[in-house]
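*Asks:* Here is how the chains run, residue by residue.
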Amino acid sequence: MKRLSWLATWDSFLGVATIGLVLYAAVFVPGFATSFNISQAIAGMSEKALIVLPMVLLIISREIDLSVASMLALTSVTLGMLVQAGVPLLPATFIVLLFGGVLGAFNGLMVTWLGLPSLVVTLGTLAMFRGIGYILVGSRSINQFPDALTDFGINNVGETPLPWTIVPFLILAPLFSVVLQRTPIGRRIYAIGGNPDAALYSGVKTQRIRFRLFVLSGMICAIAGVVFTSRLANARANNAVGFELDVITIVLLGGINVFGGRGRLAGVLWAICLIAIVRNVLGLSRIGGDAQGTVIGLILILSLLLSNSTNLVLDHFRSLLSRSAGPRPSGREPFSSLNDHTPEQP
Amino acid sequence: MNPQPTEFVSEKRAGECVLGLRNATKVFGGTVALKDVSLDLRSGEVLALLGENGAGKSTCVKLLSGLYKPDQGEIILDGVPVELTSPLDAFRRGISVVHQHPGLFGDLSVAENVFIGHMPVDKFRRLDHAEMQRRAAELLDVVGLDCGPSVQLNRLRSSEQQLVEIARALSAEARVLILDEPTAALSQREVERLFSVIQQLRTRRVAMMFVSHRMEEIYRLSDRVTVLRDGHHVATEPVSSMSRDRAVQLMVGRSLSGMYPTKDPQPGEILFEVSELGLGDVFTDVSFAVRTGEILGLSGLVGSGRTEIARVIFGIDHATEGTMRLAGTRISFHSPSEAMAAGIAYLSEDRLDQSLVMDQAILSNATLPTIERATVAGLISVTKELALVRPDLDRMKLRFRSYDQPVKTLSGGNQQKVVVAKWLATKPRLLILDEPTQGVDVQTKAEVHSLIADLARSGMAIILISSELPELLGMSDRILVLREGRVMDEMERADATPERVLKAATDAVGENGSCASTDERLAGTTSLPAHQEPSSSKPSSPLVSAIRRLLLKREFGLVAAMAAVIIPVAAINPRMLSGPNLTALSMDAALLIIVAVAQMLVLLTRNIDLSVASVIGLSAYGAATTLHAHPDLNILAGLAVASGIGLLCGLVNGVVVTVGRVPAIVVTLGTLSVFRGVDSLWTGGKQISADQVPQAWLDLTTGRVAGVPGLVFIAAGVLLITGFVLRSLPLGRELYAIGSNPDGAELIGIPVKRRVLGAFAVAGLLAGFDGGLWASRYATIDARVATGFELTVIACVVVGGVAIRGGAGTALGITLGALTLLIIRNGLILIRVDPLWLEGVYGLVILGAVTINLIVTRRSQSHRRRKLP
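Going line by line, the protein sequences match chains W and V. Numbering of the first sequence is given in my numbering, commencing with residue 1 and proceeding in unit increments. Numbering of the second sequence is given in my numbering, commencing with residue 347 and proceeding in unit increments.
Rather than coming from a laboratory, the hints here were simulated on the basis of the structure. Any given hint might turn out to be false.
[What the hints assert, rightly or not] Below, computed lysine to aspartate or glutamate pairings styled on DMTMM-like, alpha-carbon distance capped at 20 Å: (1) W:Lys205 <-> V:Glu684; (2) W:Lys205 <-> V:Asp663; (3) V:Lys1099 <-> V:Asp1089; (4) W:Lys205 <-> V:Glu718; (5) V:Lys743 <-> V:Asp787; (6) V:Lys791 <-> V:Asp740.
[Unchecked claim] Now the stretches of chain W that chain V is said to cover, found in silico as 3 or more residues with beta-carbon under 8 Å: (7) 50 to 62; (8) 120 to 132; (9) 290 to 303.
All values reported here derive from a predicted model rather than from experimental measurement. Glycine included, every Cβ here is placed at the ideal spot set by N, Cα and C.
With the sequences and hints as input, model every part of the structure.
*Replies:* So this is what it looks like as structure tokens:
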């Protein structure tokens, strides 16, 4: 049970860090503990929190999607153009969702059908999708949106400091958690990440699942695109540049193992809060976008260094317990289920 | 006529012990692989190591080659106990090993593979290519591989690669040569060649050990024979005093009675049959049938094709010939899930890699294929999960603490029980068991055997693949013996004896038995067609020219692409070919090339550096601000500052990757932002403009020599130095090796971590240097310098043929890649395409180039790759 207890420790550590940061900010950072600020902090995280959900599934299954921010921007642009062309909001949203699925399907096809590593594919689509956005609207910005959309982006739920924009995440997060922990498909995703060969030989339809995860990522990015557009009341091709850093940091910080097969949503939820607060506090302290990126980047690296060192210790324990074969090569690559198959010796 | 290996030398008197094991014991987890084994290798003598699968031969080889250390006992070298710290250490002490599965470097040439780790250098410490080619050619001649030393290794088929492995073992001044099943992949002619080499080495008093299951070869070649059984030493005798029958008996040795469940088989209808089934050159013309309630045993040694047959039946691989029928209906499965749906289950022999997800719980593993049945309203119900597998787990008396326990913590035997329970839950009609009791304790073995017998009694058809003769003979109703992909013998239980099975499996010739296989072998037709071609390596000459054609294609393709852009654009807008435009283009190319070289160095080692653009920005500002603050400094100081900053950044990346063991993609994603943020803080929102720096600084790059901007010369210099290092220094070749096969590189003794750290450091240095040049060229420097440039760099290297997976890339390729990319950009700009569209173009270029690379690689390796899922 060492693994589970380590995760629990990491989750607790994150929880303590988050609460600690909240307390610190409430006392030492002026303007933090206001309803308005809390609401802003939550709102600012709405899209990233959404994108984190499919990213968790992807990384668990040993894939990655670097094109999420570009899909968000492109779907945002598409929504703007549809609305500008007079398409009513609801059908436009629906079309945009489908479009997001198509973008995700493109990623999925390149990974499953062509067999290219998802790292390279999504690096390419990161550029290509954003480029398409530029082709569609250039450097213009679409600013006219129906009130329904902009109200959604601005208002809070009733009298609470909870903005409407976080509601899609609040609905989807428990869904994702249940699916991951309590359904067959969740088991299979863990299996694919834990040991792709064993999963395949146990009858798991690995390629189909991978493809669907990329499609899901595209669709969630489309939802995020709608939310972003409504919140900022504009659609630009260069929306959300750099989001992927935050999303990946949150996922890895939250305890999802970078090599796949391990991690739960619980820690990720704490990580979302932590990163949201960090950004908020930095913003309140007049620290600009690039410098904020520095902090996030440092958090990413440090969290991995920390989890690596604890993992190393735990792996050492485990290796002392039981081994059915001799020493195994250590070459593990992240985000790649396409490891070379070396023939086994008898 | 036969060329002689000149490198082997031994001062030993004939017959003196050079290397040996003394009371060596080796334990893995719960299994004792070797127990108290002693043997010695004597100079001028060949010792054959005999034993069934699992007897411990492989472990002996690994101990003697420095891969493992004995848990008890010692390794004796020249009469003194030694500790071999690594295979490289053993190699340096004069122990050469030819492994069964060569761990070579596909992206390097044959000659480089032979000499990697000890490449010949001239007096300037440069790689002596000519010497390396010459010696490699000699060695290739000795082993009989007819192929040029500069052919890339992954163009060769496995038998040819095995010969390269042998050549590598011969390339050092070794006193000991250990050969682990070296002939398994070789044709008859190649085997004869190897034998003559061994005879030569004998006269040079080299001590040799020969592990093989081919009795014919053992009796021809060896002086003494050591027989192992179940990890114990059974006998060591001169070969002349051990008859083949006796050797087999010693290998088998156990009494068979009493250990296996009694059966009175009542087989029913034929459930499953295969007819002339074949898979390429792995197995061919295999036909058999299995009835309900029957246990069909498949026997044979490594390479006989049993597992491969099972994989075809289960849908993992796809047969190239023949048919399969299940209950009379013709079937063909394209995936394991289809096979499972039809009622077939396959318990793989590779428990670790193919049967279990080690980190996950017992229950999760056991219910993976059948988890659908344990749901209530779509959610998994633990009660139902347990109901699926508990009966079987209890029946097999699984010993565990809780169902949540990760299977990693179980013993081998208990792990196997989980696997068996997993497959039983699928309620199969046909159960294929591949080495079901391998690495399993005696108690569990008995339990598993009893279970198998029960299953047969209840009507399941079972195919039992086993290398353990007693198990096979005790459990099976009928036995099929395979050797090298063909069915050699088929017998009923009553007629089956260990000797008969082993003989069919190993081509052992009895004193009064004839063996058709010997005659076939001498005629060169025993091995399957692919092995038989004596000139299988001959096609490497057309292969070499095919490679050249391919290479030329890429370069040709890029030049053609450039022309395809230049010609129409120049027609539309003649400014493309104007002086200023070409100058600007060449300077852009120079800046891109320098940083692309940096990226290539990192990519070669199978890493990536996303932070290069941020490093450029940071060091550009560093250079500019230094010269702004101290205008009287030599302008080279600006470059020095920039390079220094870059070096620091590179070291940060490198240390976190090598020491911190964080994957490069994640590290550099982080440092991309960190460095950019530092840049932002440093500039504080300001910028440095042209009038704030010395003119001499600006002239550094724009000043011309013979009409060509200085920057271009600098880039050319970087390219030449890089090309030199990569081609002519052993260090450079090692970078390729690391990317081609990181684990193999470690084993060979290449200091992987140091090299990777060095690659990142130099990459940072170059990026910083580039940043300095950038500041010199563009004059106005703010925090946004080179934002997003990493994408351009990656597009450039990918187009230029650098493999993202490591091991491939050239300076020339990068140059052409940069030019192609920039010409496309230039062309688009000149025909008034919005520059913002360029990002999309780069993305498309990356995807296209990677796809093309993939297709090209797959096509050139399709003849030796088996399709793995």
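*Asks:* Taking 20 Å as the top limit, are the C-alpha atoms of V:Lys791 and V:Asp740 close enough?
*Replies:* holds, 15 Å
*Asks:* Between the alpha carbons of V:Lys743 and V:Asp787, is the straight-line distance 20 Å or under?
*Replies:* holds, 13 Å
*Asks:* For the region 290 to 303 of chain W, does the count of residues with a C-beta closer than 8 Å to a C-beta of chain V reach 3?
*Replies:* Result for this restraint: holds, n = 11.
*Asks:* Run the distance test for W:Lys205 versus V:Glu718: straight-line Cα separation, threshold 20 Å.
*Replies:* holds, 13 Å
*Asks:* If you look at each residue in the region 120 to 132 of chain W, do at least three have a Cβ nearer than 8 Å to any Cβ of chain V?
*Replies:* holds (count 12)
*Asks:* Would you mind confirming whether the straight-line C-alpha gap from V:Lys1099 to V:Asp1089 stays at or under 20 Å?
*Replies:* Within the cut-off at roughly 12 Å; holds.
*Asks:* Using a Cβ cutoff of 8 Å, are there at least 3 residues of the region 50 to 62 of chain W near chain V, or does the coverage claim fail?
*Replies:* violated (count 0)
*Asks:* Do the alpha carbons of W:Lys205 and V:Glu684 lie within 20 Å of each other, as the hint requires?
*Replies:* Cα-Cα ~10 Å, so holds.
*Asks:* Would you check the hint for W:Lys205 and V:Asp663, treating anything up to 20 Å between C-alpha atoms as holding?
*Replies:* holds, 15 Å
Consistency note: the structure conflicts with earlier hint 7 alone.
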